[in-house]
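Going down the list, the sequences are from chains A and B.
Using this note's numbering, you'd call the opening residue of the first sequence number 699 and step up by one each time.
Using this note's numbering, you'd call the opening residue of the second sequence number 699 and step up by one each time.
In case anyone wonders, no lab produced these hints; they're calculated from the structure.
Among these hints, one or two may not hold up.
[What the hints assert, rightly or not] Here are a few chain B residues that sit away from chain A, every Cβ distance over 12 Å (derived from the structure):
id, residue
1, L745
2, V770
3, P772
4, R773
[As the list claims (entries may be wrong)] Capping the alpha-carbon separation at 30 Å, the derived lysine-lysine pairs in DSSO-like fashion look like this:
id, chain 1, residue 1, chain 2, residue 2
5, B, K704, B, K802
6, A, K715, A, K1004
7, A, K715, B, K704
8, B, K874, A, K821
9, B, K803, A, K1007
10, A, K821, B, K802
11, A, K717, B, K802
12, A, K822, B, K704
13, A, K715, B, K802
14, B, K803, A, K1004
15, B, K874, A, K715
16, B, K803, B, K874
17, A, K717, B, K704
Keep in mind it's a predicted model, so treat the numbers as computed, not measured.
Using N, Cα and C, we set each Cβ at its ideal position, and we do this for glycine too.
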Amino acid sequence: MRGTAPAPALMPGERMKPKWMRTFWRYRWLYLFMVPGIAYYIIFHYIPMFGLVVAFQNYNLMEGIFGSPWVGLDNFRTVFSSPDFPVLIKNTLLLSFYRIIFNMLPDLVLALMLNEIRVRWFKKTIQTLTYGPHFLSWIIVYGIMFSFFAPGSGLVTTFFRDMGWGSIDVLTNSEWFRPMLVLTDIWKSTGYGAIIYLAALAGINNELYESASMDGAGRWRQLWHITLPGVRDVFILLVILRLGSILDAGFEQVYIFLNVRVYDVGDILDTWIFRRGIEQMDFSVPAAVGVFKSIIGFVLVLGANKLAKRFGGSGIW
Amino acid sequence: MLLYQKSLSDRVTDMVIYIVLALFGIATLFPVYYVFVVSITPYSEVLRNGGFLLIPKNITFEAFKAIFTSGVVPRALNVTVLITVMGTALNLAVTTLLAYPLSKKFLPGRNAVLLAIVFTMLFSGGLIPTFLTVKAVGLMNTIWALIIPGLVSTFNMLIMKTYFESLPPEIEEAAKVDGCTDVGTLLRIVLPLSAPIMATLGLFYGVNHWNSYFGGIMYLNDRDMFPLQVVLRNMIVTPSVSQELSVPQSQLSALPPESIKMATVVVAIIPVIAVYPFLQRYFIKGMMLGAVKG
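When you get a sec, could you build the whole thing from the sequences and use the hints?
So this is what it looks like as structure tokens:
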């Protein structure tokens, strides 16, 4: 069989088969290739989507999805009337907004600054250094933070104590928790985040700068009229993606940095779901929060995309 | 590249840019460098210098000796290396097999499959249903629970598909005319042409496995199966390390827990730094390919 080669001779009798079967047979290897991948998406993405029905049940592990009793919207009532819920929402949204403001702008600023550098070795060195932390795990970042700021034994903590400057408490202090998350995120991901803007900057037509300079435009005017419009689409696209995951707020980092003493500011929807669901084996109420999260996220991406298109951007699709 | 006559104020701006970038570069490097220094310096020496130590003194590898003779860290390293190697191989195989047919625009049904896959980027079941699914298919407390639930990254798959689409179709058509099957074309024609993308995505997947943490705490009960990141996190948050390492305190008496913690952090960092030059060569290209069509 020759795949896509000119239609091979058919066996007698095969001529009668409908067209879709012949097409299928012709491309059978290509379809076969996709089987493991499609099975993966069905089992680990689509089945969990339908698994969200546990949010409408009083699920228990013994009975399973098909045996557990249906309770309608009871779990949602429990969630929305719980005094914890507004706190979780507030923590999640605040943290997400902080991240959008304080983590998206440094990415762009770093790219713009790198774009101004003419000394190649300097540019390359800075890029090599700043891209690196993206590939370190949050556990490692936490380990580094811990060695500096652990109460009692951290190096900076000890230093402050020895100098008689009192105690500083960055890891277990509610006031410090959000700034610490944002700062470590800047440290870890700014360099990598700049790459996508650098790609966009590299795509700007050089003739634009040439003619602008001929017209006497200085550095700042060129930045404002040529460079910034050149990265606008990428920036908007990233904002859309961020808005879509506004209820995520960076679960991995938050969970790893979280401790009981900063629950009041650091507990977000996902960490709560994780604690209640995975650690305490109570599935239905956290699943209801999950449904809420998934639907809001979906609506936000669609909405933001529409908005971006209305304002003349290209959107994601 | 901006073009203009440089005035005095432009030169000052340039200076500021160079200084800010240099400071940011140092701020990025310093914590990692510092952890290295602390891990090979006796802790008493670190404290004597008030914690500020730029050049290692009295270099010692005691902390590394302690963690490698403990049993716990070597075992965790074994698990992590195993899931990294096996996981990456499976990731690449399944991703390739999925991305190759999806790169063929003539394939009936391609758009529907693609749409269904991209949809999973917008809407997901979330934590609880995924956990229940992994439990239901019997992966709990097996090494596969750390590999199978993340078998294909949609982002990586789309990058690979874009790459395959960029290969000149004439080569494959010629192979077909010469009687090559789809399997033969993929193995003998397409794969040899795809070394750069395989390296990029292999490194992406590999680093992800090396750094993975949540799979371990969600799906494993058996402490002997914990991967390195889980062991590391447990070590960091427990004041006494001897319990985490399951060696008697007497054996570690000379070593403060801080040294051991830092040495373990270094063990987790070193492989990432070792592959970083290769990563850097490829990931920018990968990011841009993804940015074009992702």
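Broken hints, by number
1, 5, 6, 7, 8, 10, 17
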